[in-house]
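Student: Spelled out, the chains give:
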Amino acid sequence: MKPLFIKSIKGNIFALYHPPKDGRALKGNILFIPPFAEELNRSRHMISHQARRFAAMGYGVLILDLYGTGDSEGILEDASIDIWQKDILAAMSWLSETAPAPLIFWAMRSGALIAADLIQKNQGLTDLLILWSPVTNGEKFINQFKRIKLAGQASKATSSEITRENLSSEDIIEIAGYGLSQKMIHDFSALALNKMNLPKSLAIKWLDISLSAPPRLSPAAQIIIEEWQNDHMDITAEAVKDVSFWALQEPEFAQDYSAHTLAFLKD
Amino acid sequence: MSLVEEVRETLKVILQIGERANSLDRDSPLLGHIPELDSMAVAMLITALEDHFDIVVEDDDISAETFETFGRLCDFIKEKQAP
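Protein sequence lines, in the order shown, are assigned to chains Z and U. Quick note, in the working numbering, the first sequence goes up one by one and the last residue is 267. Quick note, in the working numbering, the second sequence goes up one by one and the last residue is 83.
FYI, nobody ran anything at the bench for these hints, they're computed from the structure. It cannot be assumed that every hint is accurate.
Claimed, not checked - In silico DSS-like cross-links for lysine-lysine, where the CA-CA straight-line distance does not exceed 27 Å: (1) LYS78/U <-> LYS195/Z; (2) LYS121/Z <-> LYS10/Z; (3) LYS183/Z <-> LYS200/Z; (4) LYS241/Z <-> LYS80/U; (5) LYS80/U <-> LYS140/Z; (6) LYS241/Z <-> LYS2/Z; (7) LYS86/Z <-> LYS12/U; (8) LYS21/Z <-> LYS121/Z; (9) LYS183/Z <-> LYS80/U; (10) LYS10/Z <-> LYS80/U; (11) LYS183/Z <-> LYS195/Z; (12) LYS12/U <-> LYS80/U; (13) LYS121/Z <-> LYS2/Z; (14) LYS149/Z <-> LYS86/Z; (15) LYS78/U <-> LYS241/Z; (16) LYS12/U <-> LYS241/Z; (17) LYS80/U <-> LYS146/Z; (18) LYS183/Z <-> LYS27/Z; (19) LYS266/Z <-> LYS241/Z; (20) LYS7/Z <-> LYS80/U; (21) LYS266/Z <-> LYS80/U; (22) LYS78/U <-> LYS140/Z; (23) LYS7/Z <-> LYS121/Z; (24) LYS195/Z <-> LYS146/Z; (25) LYS121/Z <-> LYS195/Z; (26) LYS149/Z <-> LYS121/Z.
What the hints assert, rightly or not - Computed footprint of chain Z on chain U; a stretch qualifies when at least three of its residues, placed anywhere within it, have a C-beta under 8 Å from a C-beta of chain Z: (27) 13 to 23; (28) 33 to 42; (29) 72 to 80.
Even glycine gets a Cβ: it sits at the ideal position worked out from N, Cα and C.
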């Protein structure tokens with residue numbers, strides 16, 4: 001595993017490169033598009049676990065911290081989805097210069113919106129998109145994130161003084177230590193998977209976690225997947241009963257989820 | 001699985017309270033009594049419940065009362081599911 005910095009549009013972004021294990025022949029490159037804020041924090045162990053498993057199969061895997069997050073330069077409140085997409089393009093260039101091979105996007109939660117939007121704007125970037133429990137609607141996602149602040153008040157059992165209305169009037173909203181600009185809120189809110197115009201040449205592998213057995217896709221996911229299937233998109237979707245690790249305070253490994261992800265690449 | 005059991009399972013997984021979830025009954029207090037249930041956990045829990053039960057939770061719903069007891073939370077989800 002090799003830590004490195006990649007020069008991108010607004011500054012250097014930090015990345016970790018997992019080359020194919022023990023000098024295995026390079027099967028392809030996998031670029032990880034991360035989830036947002038606390039969800040990323042809580043997923044780090046699973047991301048590196050999965051990256052190592054991909055590397056053991058012969059893939060080169062690049063995990064990057066988008067501008068203003070993790071160990072990359074910048075602060076979150078200056079970031080935008082456009083900047084992040086340029087970071088992804090910069091990471092792609094690094095991969096293709098370092099180890100030329102077909103590229104797979106592996107996007108998690110809100111990273112799915114960022115990746116799908118980048119693909120619809122640059123068709124032909126990749127032929128395979130692996131989605132880890134994708135966020136389907138950016139506006140709903142932002143509202144869920146803002147809720148951390150509302151929940152803070154409810155859990156202190158005080159009357160709710162912060163409403164979403166006065167949350168939206170501030171330029172930078174501070175939530176759980178993350179500074180969210182109006183630009184970022186606007187950018188995310190404009191993205192929804194069902195509005196994306198994705199190329200037919202793109203194969204999509206969608207993996208969800210279900211809390212109950214037998215596992216089932218969430219109703220929101222089902223609607224989009226059916227739409228895509230009716231539109232003759234190449235989509236495979238599965239739900240696995242496992243732990244939603246990105247939501248958990250104490251790290252847990254979703255082993256079945258990880259195994260199903262590997263199986264996507266064994267076809 | 002019944003709605004109550006599904007809510008129990010969600011609490012167990014998201015709050016990581018293990019076997020303690022099995023002993024929850026209608027009158028079991030949640031907020032202020034389960035130390036894992038801090039503001040971040042409340043937010044994560046609501047998101048998980050929304051996804052699992054295909055409901056939309058409004059800002060006004062997020063009050064201490066909704067999370068007062070296990071029974072109250074189950075009732076709340078049942079109400080949200082009603083067409």
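Student: Hint by hint, note whether the structure agrees.
Tutor: For each hint, the structure was consulted:
Only pairs whose Cα atoms come within 27 Å are accepted, and LYS78/U paired with LYS195/Z is rejected, the gap being roughly 31 Å. Simply put, LYS121/Z and LYS10/Z have alpha-carbon atoms about 20 Å apart, close enough for the 27 Å limit, and the pair holds. At most 27 Å may separate the alpha-carbon atoms for a hinted pair to count; LYS183/Z and LYS200/Z exceed this at roughly 31 Å. With a C-alpha separation of about 24 Å, the suggested pair LYS241/Z and LYS80/U falls inside the 27 Å cut-off, and the hint holds.
In summary, the hint linking LYS80/U to LYS140/Z is supported, as the alpha carbons are separated by about 17 Å, within the 27 Å threshold. Only pairs whose Cα atoms come within 27 Å are accepted, and LYS241/Z paired with LYS2/Z is rejected, the gap being roughly 33 Å. Of the supplied pair hints, the one linking LYS86/Z and LYS12/U is violated, its CA atoms being roughly 40 Å apart against a limit of 27 Å. Proposed proximity of LYS21/Z and LYS121/Z is contradicted: the alpha carbons are some 33 Å apart, above 27 Å.
Of the supplied pair hints, the one linking LYS183/Z and LYS80/U is violated, its CA atoms being roughly 32 Å apart against a limit of 27 Å. About 45 Å separates the Cα atoms of LYS10/Z and LYS80/U, which puts this hinted pair outside 27 Å; it is violated. Between the alpha carbons of LYS183/Z and LYS195/Z the distance comes to roughly 20 Å, so the proposed pair stays at or under 27 Å and holds. Distance check on the hinted pair: LYS12/U and LYS80/U sit about 21 Å apart at the alpha-carbon level, within 27 Å; holds.
With a C-alpha separation of about 30 Å, the suggested pairing of LYS121/Z with LYS2/Z is violated against the 27 Å cut-off. Distance restraint check for LYS149/Z and LYS86/Z: the Cα-Cα separation of roughly 30 Å exceeds the 27 Å cut-off, and the hinted pair is therefore not satisfied. Between LYS78/U and LYS241/Z, the direct Cα distance comes to roughly 23 Å. Compliance with the 27 Å bound is thereby established for this hinted pair. With a CA separation close to 14 Å, the supplied pair LYS12/U and LYS241/Z stays within the 27 Å bound.
The hinted pair formed by LYS80/U and LYS146/Z meets the criterion: a straight-line CA distance of about 20 Å does not exceed 27 Å. Between the alpha carbons of LYS183/Z and LYS27/Z the distance comes to roughly 38 Å, so the proposed pair goes past 27 Å and is violated. Using a Cα cut-off of 27 Å, the hinted pair LYS266/Z and LYS241/Z holds, with the two alpha carbons roughly 21 Å apart. Under the criterion of a C-alpha separation no larger than 27 Å, the hint pairing LYS7/Z with LYS80/U is inconsistent with the structure, at around 48 Å.
The suggested pairing of LYS266/Z with LYS80/U is violated, with an alpha-carbon distance near 42 Å, which exceeds 27 Å. A hinted pair counts as satisfied when its Cα atoms are at most 27 Å apart, and LYS78/U with LYS140/Z qualifies at roughly 21 Å. About 22 Å separates the Cα atoms of LYS7/Z and LYS121/Z, which keeps this hinted pair within 27 Å; it holds. Distance check on the hinted pair: LYS195/Z and LYS146/Z sit about 23 Å apart at the alpha-carbon level, within 27 Å; holds.
With a C-alpha separation of about 13 Å, the suggested pair LYS121/Z and LYS195/Z falls inside the 27 Å cut-off, and the hint holds. A distance of roughly 34 Å separates the Cα atoms of LYS149/Z and LYS121/Z; the hinted pair therefore is violated under the 27 Å criterion. Here's how the region 13 to 23 of chain U fares: 3 of its residues keep a CB closer than 8 Å to some CB of chain Z, so the rule of at least three is met and the hint holds. Coverage of a stretch by a chain is defined here by at least three residues with a beta carbon nearer than 8 Å to that chain's beta carbons; for the region 33 to 42 of chain U and chain Z the count is 7, and the condition holds.
Check result for the region 72 to 80 of chain U against chain Z: violated, 0 residues qualifying (beta carbon to beta carbon below 8 Å, three or more required).
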